[in-house]
Amino acid sequence: MREHPARERAALLLLLAAAALLPFLATALGSPATVPLASRIVIYGIAAASLNLILGHGGLVSFGHAAFYGLGGYTVGILYAHLAPGDPFLGLIPGSNQLAVTLPAALLVGGLGAAAIGALSLRTSGVQFIMITLAFAQMLYFLFASLSAYGGDDGLSVRRPNLLGPLNLRDPATMYWVALGALALWLAFQRRLVRSRFGRVLEGIRQNEARVVASGIRPYPYKLAAFVIAGMGAALAGALMVNAMRFVSPDMLHWTKSGELMVMVILGGIGTLLGPVLGALALVVLETGLTALTENWQVVLGPILVVVVLFSQGGLAALFRRRPASDAPGAAGGRLPRLLSWRRRHG
Amino acid sequence: MALLLEQLLNGLQLGVMLFLLAAGLTLVFGIMGVINLAQGSLYMVGAFAGAALAARTGSATLSLLGGIAAAAAVGMAMELAVLRRLYRRGHLDQVLATFGMILFLNQAMTMLAGRQPLFVAVPPALEGAVEIIPGVPYPVYRLAIIAVGILVAAGLWLLIQRTRLGMLVRAGATNREMVRALGVDIRLLYTLVFGLGALLAGLAGVMAGPVFSVQVGMGEQILITTFVVVVIGGIGSVRGAFAGAMLVGLVDTLLRAFLPDLLRGAIGGPDADALAGGLASMGIYLLMAIVLLVRPRGLFPAHA
Amino acid sequence: MAEPLLAVRGLVKRFGGLLATDHLDLAVLPGELHALIGPNGAGKSTAIAQITGTLRPDAGSIRLAGEEIVPLHAAARVHRGMARTFQITQLLGDDTARDNVALAVQARLGHSFRFWRDARRDPALAAPAEALLDQVGLPESRRALPVADLSHGERKQIELAAALAAAPRLLLLDEPMAGLGAAESLRMTETLRGLKGRIGMLLVEHDMEAVFALADRISVLVYGRCIATGTADEIRRDPAVIAAYLSDEEGV
Chain F
-4 MREHPARERA
6 ALLLLLAAAA
16 LLPFLATALG
26 SPATVPLASR
36 IVIYGIAAAS
46 LNLILGHGGL
56 VSFGHAAFYG
66 LGGYTVGILY
76 AHLAPGDPFL
86 GLIPGSNQLA
96 VTLPAALLVG
106 GLGAAAIGAL
116 SLRTSGVQFI
126 MITLAFAQML
136 YFLFASLSAY
146 GGDDGLSVRR
156 PNLLGPLNLR
166 DPATMYWVAL
176 GALALWLAFQ
186 RRLVRSRFGR
196 VLEGIRQNEA
206 RVVASGIRPY
216 PYKLAAFVIA
226 GMGAALAGAL
236 MVNAMRFVSP
246 DMLHWTKSGE
256 LMVMVILGGI
266 GTLLGPVLGA
276 LALVVLETGL
286 TALTENWQVV
296 LGPILVVVVL
306 FSQGGLAALF
316 RRRPASDAPG
326 AAGGRLPRLL
336 SWRRRHG
Chain R
3 MALLLEQLLN
13 GLQLGVMLFL
23 LAAGLTLVFG
33 IMGVINLAQG
43 SLYMVGAFAG
53 AALAARTGSA
63 TLSLLGGIAA
73 AAAVGMAMEL
83 AVLRRLYRRG
93 HLDQVLATFG
103 MILFLNQAMT
113 MLAGRQPLFV
123 AVPPALEGAV
133 EIIPGVPYPV
143 YRLAIIAVGI
153 LVAAGLWLLI
163 QRTRLGMLVR
173 AGATNREMVR
183 ALGVDIRLLY
193 TLVFGLGALL
203 AGLAGVMAGP
213 VFSVQVGMGE
223 QILITTFVVV
233 VIGGIGSVRG
243 AFAGAMLVGL
253 VDTLLRAFLP
263 DLLRGAIGGP
273 DADALAGGLA
283 SMGIYLLMAI
293 VLLVRPRGLF
303 PAHA
Chain C
6 MAEPLLAVRG
16 LVKRFGGLLA
26 TDHLDLAVLP
36 GELHALIGPN
46 GAGKSTAIAQ
56 ITGTLRPDAG
66 SIRLAGEEIV
76 PLHAAARVHR
86 GMARTFQITQ
96 LLGDDTARDN
106 VALAVQARLG
116 HSFRFWRDAR
126 RDPALAAPAE
136 ALLDQVGLPE
146 SRRALPVADL
156 SHGERKQIEL
166 AAALAAAPRL
176 LLLDEPMAGL
186 GAAESLRMTE
196 TLRGLKGRIG
206 MLLVEHDMEA
216 VFALADRISV
226 LVYGRCIATG
236 TADEIRRDPA
246 VIAAYLSDEE
256 GV
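Chains as they are written, first to last, in my numbering: chain F, -4 to 342; chain R, 3 to 306; chain C, 6 to 257.
You may find that some hints are simply not true.
What the hints assert, rightly or not - A few chain F positions that, by computed beta-carbon distances, are all more than 12 angstroms from chain R:
#  : residue
1  : Leu10
2  : Leu32
3  : Leu78
4  : Ala79
5  : Leu94
6  : Gly121
7  : Ala140
8  : Gly160
9  : Phe184
10 : Arg187
11 : Leu305
Stated by the list, open to error - Just so you have them, the derived chain F footprint on chain C, three or more residues with Cβ under 8 angstroms:
#  : segment
12 : 10 to 20
13 : 102 to 116
14 : 185 to 197
Keep in mind the hints are simulated off the structure, nothing from the lab.
Where is the CB? At the ideal position from N, CA and C, for every residue including glycine.
Could you build the full structure based on these sequences and the hints that come with them?
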């Protein structure tokens, strides 16, 4: 149970520095396509980490997280769509391609969406909660698929460069660094959050809601706050993804996307700091690798998933933990097990 | 007036299809406490097997029996291979494992049958239409679906009210230990119940063939609608599943039928249709939201 | 008679056709240890659930220090000064005894919408938690282990400490001795005796020895109804009680 936040922080910063070197490595190895792929992994890492906040720390099995990911993406897409013609959204809000504008807007929209959906679905629990979050996400999917002004089923392209001050996000390396920075900030924020009083309540709700109530805490407001924060994290990821892909479509809100985000969390290690990022890495690499082998890669992925659920206890993160800390070389290796440490899982 | 009657019947027909799926979900959840996302895949298996048999043999009876049998067989295989290991696990594990099975079954079906939607002819015996009231013809096949759905509902009602199995359903997932204590061969019972749920999904799938197009992904579309049904009706209650299915079937059908005209009248323009389509497909979710506000546990909660 | 700390009047709860709580009247005086006894199925747990707020009564009133609390959420009742322990302990199994008690401490200190500071390193939570664990006598060496690895008796101690963290005026104790060994039972009896006079307690307990040793007054519940209330001696002599309960109990 002993923790060493200072050493852990040092290890994380080291890891971040190593990740920041990736574009140089890719250039040196003559593999420029690695950089956009890495951006995708990093961005999915943010989305999966945000889901982990409610799923891993709060025990809320939300099957609709893609809704907020998509809301964030569409915020960027729609603001961009109103930039070129110069007609404001709903006659009020001018379009923009500035990340400093579109990102906060995406966070706001994602947060509001999560507040509305969360306020309703958190009135229930268990299987009902799973079904309701899934259903509301599907409702938004239908909504965006029917918005013919924004491309309907086909989606919307974001052709002009999105700008962050002087930075042009069409440059893959710049995009990667911005995404990596966002991931680092989000994980730092979430790490503090989980340890705070708020995080203790959330953790209590996961483990035993009756205990939380008996302590004198009404769980609902805390669940809702966590749901909204997680929704904003997903919206952040969605906004970045649309910048990276320069495209937004209803597929971002499809129910399978919610499923994939859950898979990332479980694959990497639920309730751990870096687990979801590892899970995003694993799933994207697996998907890319399997796609190269066969177009029917889901025939392989499905059973892999079933086997992981049936036989793994704790995802990839648990593999790191087996190794005694003393055997691990260097500070980063030595601290990794803690960052990924596996916890007992409760239904 | 004639149009309204026709749409009401269409709503009823969608309702009984949803009921068949929702009843399977409810049985499986009520007895084993498992949430099975792959229920929609079983519906797809039934539809494809039925369509393939209809095309090869031309026999509607074989198509029906084969479709049901295929769904039940795949369902029981799923239970034996995977789901029985998940009864004591949390819902999260159940969701993920069944999600994995959906990915597998969908892709496997694509490999077997291709991406093109299949169209299934209405069985000759059920072709044509009858006038339900003078001047209003309605397809016999759709009436047959409604009749089958109502018969199944009645059968399930008898099963649940009059048999030991029904007692187990009514006792609910919370009393699984009691069920064990009664000395029922629980493993066999679970496999059979799962098979029954799969069979109902398969039946819905076969019957859907001539009405909707048969294609990969049809399962999840209806699965999510079925979740709305279950949430509205109240989880774990077959009566709730029936009420929810009828309500959702009617609301969805009527909105899709009448909303475009209403909107065209109100706002006009080419956007009206797209918007009406979007709003109509959102309608049942909004209905769910309203039910949640008023009765968070659904209209007929199982254990009030 | 002083104004009761807890006043239950005409409480009714039906489950289908079964009347689980049948116009129950009950009063706990400030600082009094009031035992609630009755045969299995008498409706003790149902009554406790309604008083704590996990179950909504069909009719009747529950007043805490004069305030009607039926409309209040269970958590709000804790803030009004009513804490509880469970028959089967409800703790955060992955967390330590310190964490479990600290959660209750932080609940008393106000809302928990504090997102920044590390709660485990917050002396405002840690110090009171340690003091409470001292009070219930959980050894230092057991305080940093996950609660799931502790003994049943230790978990009962932790739960009592968490309940006391709410600084309650009234403590509802649902079978605190159940499953305890003789020594643990004795220690719990002593802890409760130490609280008498300061905190009002409603004690549901099957251990008659403990009940008769501790209780200022006893109420006997049969079929959801209170058939007698009085001191230990009065209850021992009450013919209705003997008929309905004690003879039964001795026969076992």
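Hints violated by the structure (numbers, ascending): 6, 7, 11, 12, 14
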